[in-house]
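Novice: Please construct the entire structure, taking both the sequences and the accompanying hints into account.
Protein chains in written order, with our numbering: chain A, 1 to 308; chain B, 1001 to 1251; chain C, 2001 to 2251; chain D, 3001 to 3255; chain E, 4001 to 4255.
Quick caveat, the hints were computed from the structure, so don't treat them as lab data. Beta carbons: idealized from backbone N, C-alpha and C, even for Gly. Mixed in with the good hints, there may be bad ones.
In silico DSSO-like cross-links for lysine-lysine, where the CA-CA straight-line distance does not exceed 27 Å [as the list claims (entries may be wrong)]:
| no. | chain 1 | residue 1 | chain 2 | residue 2 |
| --- | --- | --- | --- | --- |
| 1 | C | Lys2223 | C | Lys2184 |
| 2 | E | Lys4167 | B | Lys1119 |
| 3 | B | Lys1031 | D | Lys3245 |
| 4 | B | Lys1102 | B | Lys1133 |
| 5 | A | Lys48 | A | Lys273 |
| 6 | D | Lys3145 | E | Lys4245 |
| 7 | B | Lys1157 | E | Lys4156 |
| 8 | E | Lys4167 | B | Lys1133 |
| 9 | D | Lys3145 | E | Lys4008 |
| 10 | D | Lys3008 | C | Lys2113 |
| 11 | E | Lys4008 | E | Lys4167 |
| 12 | B | Lys1157 | E | Lys4161 |
Non-contacting residues of chain A with respect to chain E, defined by C-beta distances greater than 12 Å in every case (computed) [to be verified]:
| no. | residue |
| --- | --- |
| 13 | Ile42 |
| 14 | Val60 |
| 15 | Ala64 |
| 16 | Lys126 |
| 17 | Lys127 |
| 18 | Ala162 |
| 19 | Glu170 |
| 20 | Phe183 |
| 21 | Asn195 |
| 22 | Asp232 |
| 23 | Trp237 |
| 24 | Val246 |
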Amino acid sequence: GCGSSPNSDKTSGQNENGSSDKIIRMGYQKGNTINILKESGILEEKLKEKGYTVEWKEFVHGNAVVEGLVTKNIDFGHAADGAGIYAQAGNKPLVYVGADLPNPEGVGVLVHKDSGLTSIKDLKGKKIGVLQGGNHHYLAVLALEEAGISAEDVEWVYLNDAAQGRTAFETNKIDVLASYDPFLAGTEIDLETINLTEGKDYGYPNRTFYYTNEEFNQEHPELVELILAATDESDKWANENKPEVVKLVSKMLGIDEAIIAKAIERREYGVNKINEEIIAAQQKQADVYYELGLIPAKIDVAEYMPIN
Amino acid sequence: MGVPSLAERSTHQKKAVQILLQQIDKSFGDKTVLKNLNLEIESGEFVVIVGKSGSGKSTLLRLVAGLEEPTSGQITFNDQSIKDSKLSATMMYQDSRLLPWKTVINNVGLGLKGDWKEKAEKTLDLVGLYSFKDQWPSTLSGGQQQRVALARALVHKPSLLLLDEPLSALDALTRMDMQNLIEKLWLNQGFTALLVTHDVREAVKLADRIILIEDGDITLNIKNTVKRPRDFSDVMLAQMEKKILEKIMES
Amino acid sequence: MGVPSLAERSTHQKKAVQILLQQIDKSFGDKTVLKNLNLEIESGEFVVIVGKSGSGKSTLLRLVAGLEEPTSGQITFNDQSIKDSKLSATMMYQDSRLLPWKTVINNVGLGLKGDWKEKAEKTLDLVGLYSFKDQWPSTLSGGQQQRVALARALVHKPSLLLLDEPLSALDALTRMDMQNLIEKLWLNQGFTALLVTHDVREAVKLADRIILIEDGDITLNIKNTVKRPRDFSDVMLAQMEKKILEKIMES
Amino acid sequence: MNKKMVLKIIPWIIPIGTILIWQLIASNEWISTRLVPAPFTVLTSFYQLVMSGELFYHMEMSLTRALIGLLIGGGIGFILGIANGLSKFSYLFTDTSLQMIRNIPNLALMPLVIIWFGIDEGAKIFLVAIGVMFPIYINTLHGIKNIDAGFIEMGKMYGLKGWALFKEILLPGALPSIFVGLRYALGIMWITLIVAETIATSRGVGYLAMTAQQFMQSDIILITIILYAVFGKVADLIAQWGERKALRWHKSYIK
Amino acid sequence: MNKKMVLKIIPWIIPIGTILIWQLIASNEWISTRLVPAPFTVLTSFYQLVMSGELFYHMEMSLTRALIGLLIGGGIGFILGIANGLSKFSYLFTDTSLQMIRNIPNLALMPLVIIWFGIDEGAKIFLVAIGVMFPIYINTLHGIKNIDAGFIEMGKMYGLKGWALFKEILLPGALPSIFVGLRYALGIMWITLIVAETIATSRGVGYLAMTAQQFMQSDIILITIILYAVFGKVADLIAQWGERKALRWHKSYIK
Ligand SMILES: Nc1ncnc2c1ncn2[C@@H]1O[C@H](COP(=O)(O)OP(=O)(O)OP(=O)(O)O)[C@@H](O)[C@H]1O
Ligand SMILES: Nc1ncnc2c1ncn2[C@@H]1O[C@H](COP(=O)(O)OP(=O)(O)OP(=O)(O)O)[C@@H](O)[C@H]1O
Ligand SMILES: [Mg+2]
Ligand SMILES: [Mg+2]
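Specialist: What follows is the structure, given as structure tokens:
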């Protein structure tokens, strides 16, 4: 029952500042598709005729974006797949409104070339560094499972951010680093490594999602459509101008162009509507998270993923 | 210079205050310090309290100052309770209690209003420390600090001046000077004075009446009618000193 | 009881120390406190220093104690420099300097070893505060605190005892008691004593020699050969007191 | 008796009042309970955490880390405070550097800490230690510098030096100030721990808090907030008790 | 002259020595320069940050937040410290609650702060304010409680009460302790800001530090570390200067 629209002071206040002033608050993380959208100026242009202006809010990570949505501090945002699962498990109201195209090569499980480890089977009992609950964590679990190793048969080292993982990996404090782009690409380029999951996706599409808060989705479905369309448009442009995007993202993140190029080359930008296939993949992920104990209860992701 | 008699002064000085202590008891926890003490101090009188260390002299002064409540008994000023009578009393302590964060002149001016600076300067001059007025108290010697404290007490022209061994840190000469100064000011301003001292000589020099406290009670209460200004060489004073010392020794 | 003469004591007391101050100058910044001061103190002598407030008496004591360095000039003990002569000197101050975190007995025992407790208790008894031994200093009256400080200085059986107005906070009776006590202990233990006081009477009662400091120099240096034990009523003492007071007044 | 009761109750008016108001807000849904769960929900989760032994499991680890970090960091801060309070050279030599390090946020230090101390216990304890070091350092320094010079002079006069002077005069004289530092350090200790316990661990209250935040479990977040508050209060009570013991002589404690 | 020079140099031996050793390590690649860049690399990045105006852009914002937070939090802490130092009731009523709040880590408070204050400036300033409040509170309280009771008695005797008593005796008496609190608060201020500046912002030194950390820009991380150290030192110098001005009378400052 997420249809009821709460009538608290907070909400009406938000309405005054938000919708009635015709401001749309967009949450983004550095270097992701909404950031590219912001740089392109496409959204502002499209909204101008409708009398809306855009307020851009930068967040340091996806969970913060989701938190901003849940507390109705922003209307629309973009974050990873895990963030949506946690929000739902935490009974936080949220709506999935779209997904990026799959990017299975954007995650991987790395070992040092001179480590003697050559396949996933070798990882039994090893120290694997991950950000707990991240897409690469999920991938590593799937990979281990396929190799017949249970998640309990390795030593998970939960790290705080990608940089920590990289530092721990480089100084051999951990044996294995599961990572995601552009940090995956960065590690691959800077160090002599083997990506043990290269070329396999274990049925995991690694999509990221577009989320809105409940109210915004209910009151302004047309704006949601419009934002997704604008994003798709800027994505199309990005696909056609990858060298330019590389420059742009490299500058935004302060990461070498070579690394960003590698990350961007292996993905395709574009927005999908939510469909059954996407829901199924997300449901499987949620179930594994439950089994891993990352979320306290089973959830039905379809509740948060309306198809229209 | 003609010195006005006590009676004369009492009439032309409305400011001074008459004090009555009735059946005062004072204990700290289990320790009884004052026991059923009765004392009457006339308006404008100069009363000196002597007694051994720990006999309760400071406690008595603090009771009169209203800084402590008696355990039982009653203290009145001009027949009013301490709180009702808005008397202006000032006190000097064994330690100077100069505020270290104020210069000498600002210490003396503490609590004054209006032309405080002139008043403070004038009083500092009286105690011979005018030239130190802009120094920090911590740069003065102990004796100098105590003189500043005296200036601070006198600048208020109090109707009751309470003095808790204020001169014990002063040197012999300054001490005599200060005794004379206190006496002079007391004669001119006509406040009631209550002085605690260890120096029996000082007591007989200054007092209209000398009170000895022993075991929490008054064991000696002598009038001193020797004409002022008094001289240490006066035989009557010497006799009085001897009498008091003998009484103290006796116990 | 036969009192040993100074000469006698000097021979049977090897502990006491002879002090020589030669051409001592002492300044604080621009302020000259002592100027070209010369003083010889015999071994076992009791020297009392008097002078106005701020005249530099405490400074002189601190120089002798080695707590300050003279700006120029030289101080020797038994012809050795301060540092070489490992004399045991103790000092009593104007303020008691009792450590508030130690009980009375522990304050007295400070720096003692071995059977410190018995020694401390015995000395506390001498100053009449045995029954207070387990109290915190802050619960004592000012006078009581000062008596504890005296016990602390005496318990070390020092070869040089420096006393900076130690009695000014004591009451008349205790003060006389203490004067007698100090004299008795000095006679028995034979240490050299250097006492600063504002009380000229106290000076003439205790001193072998009285020194007046004015304007940074010694302006009076009188031997006092009156037999001990001395009595205040002694005419010679009274004359000496008068002479010193007059000299002080004069300037 | 009656008055004593009242004195015991007064400090708890605000905390208990807050909980009551919170329950009121939650019951009336003035704020969505999905954002801030009701006290009762929190209580239920708390009960489960306790019963499963999970809470104790995390707390045990955190307490161990906190204590070791406090001992090491507090010890170093104390020694530096003493040294810099006594030696002008030592003060000149180290104080500027210490003041500089003091201002570096733990979070920013993280990469260096991992390089130096790895990802195991060493790193966590180091962070706690460096966090508690400064309040102890500053207050010890302040305490030593503010001891009445007369006491030190007197002590030297009576033959105290070195250890004896320290034990009899410097330490007790600085103690009131050191206790202020200690009470402050105990607060810092928990705050640092939450950061420290994000490094490669799966045990500790900080880990519990961080994962709760990551996984948006608002009941667990609130439990950890309350846990920290209680930890803080308990640590403070212990410090106060120690203070009262050690400062019996102090005017605030003589009755 | 010569001695004065030496005294000026001594405090910088450790910081400069550290930089030299670090350059040595980097030049010899004892640790990968990707993890810890060489001082020279850092210097170059720093130069670029300054020249592009980016650094100033971030610093301006952080300074504004820091200052406003300090004023609000410091003000409240000061007032509470005074109130609880003077009124036993106020102390009983609020101290326990304050000690409890004090121990809640900023990080754990984050979700609640966002609910209460949103994600804009209010939230960031709130975090800074609550961070600096406690050192000021505790030290003001300590300062007030430790004023010689004789001074207060004397002041009352001379007719001081209310504001006058406060201004003439309580405040100056507590000031040395309050300055200790202030200096401590200035440290906390920066540390809190790094956390506060992770909330929905794209401006501020904390933001710079957090993104640098996330994207492994180790040169920028080091620049922010150094910035924090310098901020800390500068804040400390200002506080010291104020201290010297306000405490001219204090025995440590009379020359
Ligand atoms: N606040 C207090 N609490 C407990 N005991 C006290 C307090 N004030 C004074 N006393 C005790 O009361 C007694 C009398 O103290 P008081 O200070 O009045 O003596 P005094 O005659 O002034 O002594 P002195 O001449 O040494 O100043 C002492 O034994 C002292 O220990
Ligand atoms: N450390 C110091 N710095 C600056 N001036 C000082 C210092 N110590 C003493 N003086 C000054 O030296 C002079 C003599 O001080 P000293 O304390 O020796 O006097 P005193 O004769 O002992 O006075 P009193 O009888 O009041 O104790 C005073 O004017 C004092 O201000
Ligand atoms: Mg007294
Ligand atoms: Mg002196």
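Novice: Look at each hint and say if it fits the structure.
Specialist: Results for each hint:
Distance hint between Lys2223/C and Lys2184/C is fulfilled; the C-alpha atoms sit about 20 Å from each other, no more than 27 Å. With a CA separation close to 21 Å, the supplied pair Lys4167/E and Lys1119/B stays within the 27 Å bound. Straight-line distance between C-alpha atoms of Lys1031/B and Lys3245/D comes to about 24 Å, which keeps the hinted pair within the 27 Å bound. For the suggested pair Lys1102/B and Lys1133/B, the alpha carbons sit about 10 Å apart, so the restraint of at most 27 Å is met.
Distance restraint check for Lys48/A and Lys273/A: the Cα-Cα separation of roughly 24 Å lies within the 27 Å cut-off, and the hinted pair is therefore satisfied. Taking the CA atoms of Lys3145/D and Lys4245/E, the gap is about 19 Å. The hint holds against a cut of 27 Å. Of the pairs offered as hints, the one joining Lys1157/B and Lys4156/E holds, with about 16 Å between alpha carbons and a cut-off of 27 Å not exceeded. For the suggested pair Lys4167/E and Lys1133/B, the alpha carbons sit about 21 Å apart, so the restraint of at most 27 Å is met.
The suggested pairing of Lys3145/D with Lys4008/E holds, with an alpha-carbon distance near 21 Å, which does not exceed 27 Å. With a C-alpha separation of about 46 Å, the suggested pair Lys3008/D and Lys2113/C falls outside the 27 Å cut-off, and the hint is violated. Taking the CA atoms of Lys4008/E and Lys4167/E, the gap is about 37 Å. The hint is violated against a cut of 27 Å. For the given pair, Lys1157/B sits about 19 Å from Lys4161/E by alpha-carbon distance, which is consistent with the 27 Å threshold.
Every beta carbon of chain E lies more than 12 Å from that of Ile42/A, the smallest distance being close to 20 Å; the non-interface claim holds. Residue placement check: Val60/A does not keep its beta carbon more than 12 Å from all beta carbons of chain E (closest about 5 Å). With a least CB separation of 7 Å from chain E, Ala64/A falls inside the 12 Å interface cut-off, contrary to its annotation. Residue-level check passed: Lys126/A sits 22 Å from the nearest beta carbon of chain E, beyond 12 Å.
No Cβ of chain E comes within 12 Å of the Cβ of Lys127/A; the nearest lies about 18 Å off, and the non-interface call holds. Consistency note on Ala162/A: stated as away from chain E, yet its beta-carbon is not over 12 Å from all of that chain's, at 7 Å minimum. Against the 12 Å criterion, Glu170/A falls within the reach of chain E, whose nearest CB is about 6 Å from its own CB. Distance to chain E contradicts Phe183/A as a non-interface residue, since its nearest Cβ pair spans about 7 Å, not more than 12 Å.
Remark: the non-interface label on Asn195/A is consistent with the geometry, its nearest Cβ contact in chain E lying 18 Å away (cut-off 12 Å). With a minimum CB-CB distance of about 24 Å to chain E, Asp232/A clears the 12 Å threshold, and the non-interface call stands. At roughly 23 Å, the least C-beta separation between Trp237/A and chain E is larger than 12 Å, which holds for a residue marked as non-interface. Every C-beta of chain E lies more than 12 Å from that of Val246/A, the closest at about 15 Å, which supports listing it as non-interface.
Violation of the numbered hints given earlier is confined to hints 10, 11, 14, 15, 18, 19 and 20; the remaining hints are satisfied by the structure.
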